[in-house]
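Kindly generate the complete structure, drawing on both the sequences and the hints.
Chains as they are written, first to last, in the working numbering: chain V, 1 to 711; chain U, 1 to 151.
By construction, these hints were calculated from the structure, which means they are not laboratory data. It is possible that some hints are incorrect.
[Stated by the list, open to error] In silico DSS-like cross-links for lysine-lysine, where the CA-CA straight-line distance does not exceed 30 Å:
1) U/Lys113 x V/Lys198
2) V/Lys176 x V/Lys135
3) V/Lys83 x U/Lys87
4) U/Lys3 x V/Lys241
5) U/Lys84 x V/Lys566
6) V/Lys708 x U/Lys141
7) U/Lys145 x U/Lys80
8) V/Lys558 x V/Lys602
9) U/Lys113 x V/Lys370
10) U/Lys87 x V/Lys198
11) V/Lys281 x V/Lys269
12) V/Lys674 x V/Lys558
13) U/Lys113 x V/Lys207
14) V/Lys480 x U/Lys113
[Stated by the list, open to error] Heads up, incomplete: computed chain U residues facing chain V, CB under 10 Å, no partners named:
15) Ala46
16) Leu51
17) Cys97
18) Lys113
19) Asn117
20) Ser138
Keep in mind that this is a model prediction, so the values were computed, not measured. Glycine included, every Cβ here is placed at the ideal spot set by N, Cα and C.
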Amino acid sequence: MKRRDFLKTTSVVTSAFVLGFYLPTKSRASDTKSTKALQPNAFIEIRADNQINFIMGQVEMGQGTYTTLAMCIAEELNIDWEKINFKPATVNPIYNSYFGPLMITGGSSSIIGKQLEMRTIGAAVNKMLISAAAKRWKIRAYDIYTKDSKVFNKKTKEIFTFGELSLDLTTMEIPKNPKVKDLKDCKFIGQPQPRHPKESWAKVTGKAEFGIDIRVDDMKYAAILHPQVFGAKIKSYDASKALEKNGVIKVKQIPTGIAVIAQYWWQAKEALSELEVVWDKGTFENISEKDLDDEYSNVMKTDGSSIRKDGDSQKAFKDTNKVIEAEYNFPFLAHAPMEPLSFLAHHEKDKATIWSSAQSQTLTLGVAIKVLGVKAENITYNTPYLGGAFGRRGTINADFVLDGLYVAKDESYPIMTLWTREDDIKMGNYRPKYKNKVKIALDTQGKISSFDAKIVSQSIFKGSPFEAFGYQNGVDGAQKEGLADHPYDINNHDMQAYTMNSPIPVLWWRSVGHTQSGPTVEGIVDEAAFAAGIDPIEYRINMLTDQRFINILEDVAKKSDWVNRKKETNVGYGVAIHESFGTICAQVAKVRVSQNDFKVEKVWASVDCGFAFNPQNVENQITGSINFGIAALKYSKITIQNGEAIQSNFYDYLVSRISDAPEVVVSIINSGEKIGGIGEPGVPPILAAVPNALFDATGKRYHSMPIKLRS
Amino acid sequence: MLKKIIVDEKEYSIDIDPETPLLWILRDHLNLTGTKFGCGVGQCGACTVLLNDKAVRACQTFITEVETHHIKTIETNTDKVVKKLQKFWVQEDVVQCGYCQSGQIMNAAGLLKKNPNPNDDELVQAMDGNICRCGTYSKIKTAIKAAVLEI
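And the structure:
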């Protein structure tokens, strides 16, 4: 561990010890000048009554980050695990993500970015408690140990609770360089741990507060009439009939539509149908899915922006007598988290209180400052539990956040703005639609000698505040990731990207660009293996150079008993391996075909995320990712017709259900390599393993999603 | 219109537009937010409650149907089947985001009250109307099966 500078910001808050650190890291170097302006910040709060609270800068949206980060603290600080509470943090640079100077939960980054910091903080506090007790008992630290939120005197058997020492801690120096255990010596980290009981019990008893559950005095509710056609604008509207409806308090136009504010949300929602609106639908009204398909196909006839060009692809294609070509089509996809999007805000002249279920507190706060015209220090920021996100709550255009802020702006009461499921499905911020054309050449041994690709999609990053980070030389990060850096030993490449534009906002969707690169690379490699007449796992191993990939493939082959898999009519087995977010995941899928339908019956997944901090959560996330992927494989798509999405709710935007869920067997390999994320890497391999299994079962290749079997 | 409603053994008198679905009576009039809004059209099961021990979708249920009848929500303190299911939901580590789980548990309770020992097919069929985007389905199965053994 490199030396870290601790900046003491301890403070006494209602007789509690609150420990704060400021740990400058490379990504935060630009912030070091502003440290003086930092609010007291904290990660651990020890109250006099021995209630210990962990303050979480990461949002909990189902990925298990509260539990695993708490495990990191608890590895070093010997607290009574079941009794700790979680408190969401306010907005402060101390909680910034490893992506840069903002708080954001996403990109499977929480453990990667925070684990060492949490362990270090736990170790520092533990050391301080021992020192404080040593001083009080006038004995050596050697004779003291901590357990279950208490400090024990080995000699006299005397005990202090952590709470009893909390005030002592406020006047102590924070250890400059507390030692943390090696991961191999950890007793808590690395062991399977279920979701923390406080969170689990709150969620199974209906007591957990999600964004839409927040209730405050005098609050009102709002529903919004949004344009149906992307890019449409309001010309004029008549609210007189809506205003006559029961409970309706106010109708107001906001930049994204017309809001009805009512005593209760149902009243607001019902009144939307009484609004008479004249729309300027714009030019996108004339566009349907086929137009987009034509446009995406046509653009490939031109030269794109280079994603990867090396070797001599043209020569490789000239020299071969085996070429395989395929076109992959992946539709726009909505995330459809189970909790519809909402925002609660109370604007009181020069101050405001907000409750936001967004993935980035910093971005939300920035938008709130701008819309409400209130200074950051006068905004009270609250983060509830997030009822699923999958990227949707990390909006770049801040859509639902802006709606909530504009609705509440200048009103005298708190307002909860709540979207309908229809808003959620129809308002965009989709996984981009992709059309990928790939072409590979095989050499005489059947190995891939050249890999050409044309990737056509809208850019997620272009025009956003993250453009410099994610859109370079005409290539979107999501077009490139997992494709340009595929793991196979291929000497010649010509890969190009094309950036399309439309009024449909696009966004990261669980595993982002890997949702297209995973099935594309692993689909075409599977075709190459078949053409070469070599077993698909053996074929991949022959073309891999990184031992981690080989180990994972060998593991999944072993766990699935690949070589002994039974040949059965209508049953197929497929394999895929893909690295994303620093984690390598291989999967073998077993599918059964019946008539024009198929079921994924079983999936074996092997995963190497460097080190599994909480193997149980790793298993849960991989399993969940597989079910998330199966929805895209079997059902989900957004189709554009006359400028709008024709799907609107779960009856036409279908997702996977319990009858679709396969048995999943997860195998974890702790390679000891760099730590990777776990929330997303389970998605890409299933998107390829299933089509590959369907080929095994049917002899037909499926390049487009959702998959419709051909008879 | 003044209406009487019994939720989790408590009687409430509310002034309500009779067209308001039960879901919104629970959530916004009574502030019983444990019952969740997911789709509003009876497609996802997030709002499942028990009406006389039968699982119903609160977003498709109206006051005229529930008046004087007993409604149980995830916030019940007395229902033994619900309590049992909650225990196994925690024990089997089902929840991820947790948002759909109120509806999953209430739907499972409705199933077990009708059929205390469902086989695999019956279980899957009964639970197929409840969506979980986090994909906790296999754990839901395990938790229900564990509860069955104890009920």
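Now for the hints, and whether the structure bears them out:
Distance restraint check for U/Lys113 and V/Lys198: the Cα-Cα separation of roughly 28 Å lies within the 30 Å cut-off, and the hinted pair is therefore satisfied. With a CA separation close to 19 Å, the supplied pair V/Lys176 and V/Lys135 stays within the 30 Å bound. Note on V/Lys83 and U/Lys87: the hinted pairing holds, with a Cα-Cα distance of about 18 Å set against a maximum of 30 Å. In summary, the hint linking U/Lys3 to V/Lys241 is supported, as the alpha carbons are separated by about 27 Å, within the 30 Å threshold.
Taken as a hint, the U/Lys84 and V/Lys566 pair is broken in the structure, with Cα atoms around 40 Å apart against an allowance of 30 Å. For the given pair, V/Lys708 sits about 28 Å from U/Lys141 by alpha-carbon distance, which is consistent with the 30 Å threshold. As the CA atoms of U/Lys145 and U/Lys80 are separated by approximately 16 Å, the hinted pair is consistent with the 30 Å bound. Taking the CA atoms of V/Lys558 and V/Lys602, the gap is near 15 Å; set against the 30 Å cutoff, the hint holds.
Between the alpha carbons of U/Lys113 and V/Lys370 the distance comes to roughly 53 Å, so the proposed pair goes past 30 Å and is violated. The straight-line distance between the Cα atoms of U/Lys87 and V/Lys198 is roughly 13 Å, inside the 30 Å bound, and the hint therefore holds. With a C-alpha separation of about 23 Å, the suggested pair V/Lys281 and V/Lys269 falls inside the 30 Å cut-off, and the hint holds. As the CA atoms of V/Lys674 and V/Lys558 are separated by approximately 24 Å, the hinted pair is consistent with the 30 Å bound.
Our distance criterion of 30 Å between C-alpha atoms is met by U/Lys113 and V/Lys207, whose separation comes to about 23 Å. Restraint check for V/Lys480 and U/Lys113: the C-alpha separation of about 52 Å exceeds 30 Å, so the hint is violated. Using the Cβ-Cβ criterion of 10 Å, the hint placing U/Ala46 at the interface with chain V is satisfied: the shortest such distance is roughly 6 Å. Nearest Cβ of chain V to the Cβ of U/Leu51: about 17 Å, over the 10 Å cut. The hint is violated.
Taken as an interface hint, U/Cys97 checks out: its beta carbon lies about 3 Å from the nearest beta carbon of chain V, inside 10 Å. The criterion of a C-beta within 10 Å of any C-beta in chain V is not met by U/Lys113, whose closest approach is roughly 18 Å, and the hint is violated. Evaluation of the U/Asn117 hint against chain V yields a violated restraint, the C-beta minimum of about 18 Å exceeding 10 Å. Interface restraint check for U/Ser138: the shortest CB-CB distance to chain V comes to about 6 Å, inside 10 Å, so the restraint holds.
In this structure, the earlier hints numbered 5, 9, 14, 16, 18, 19 are contradicted, and the remaining ones agree with it.
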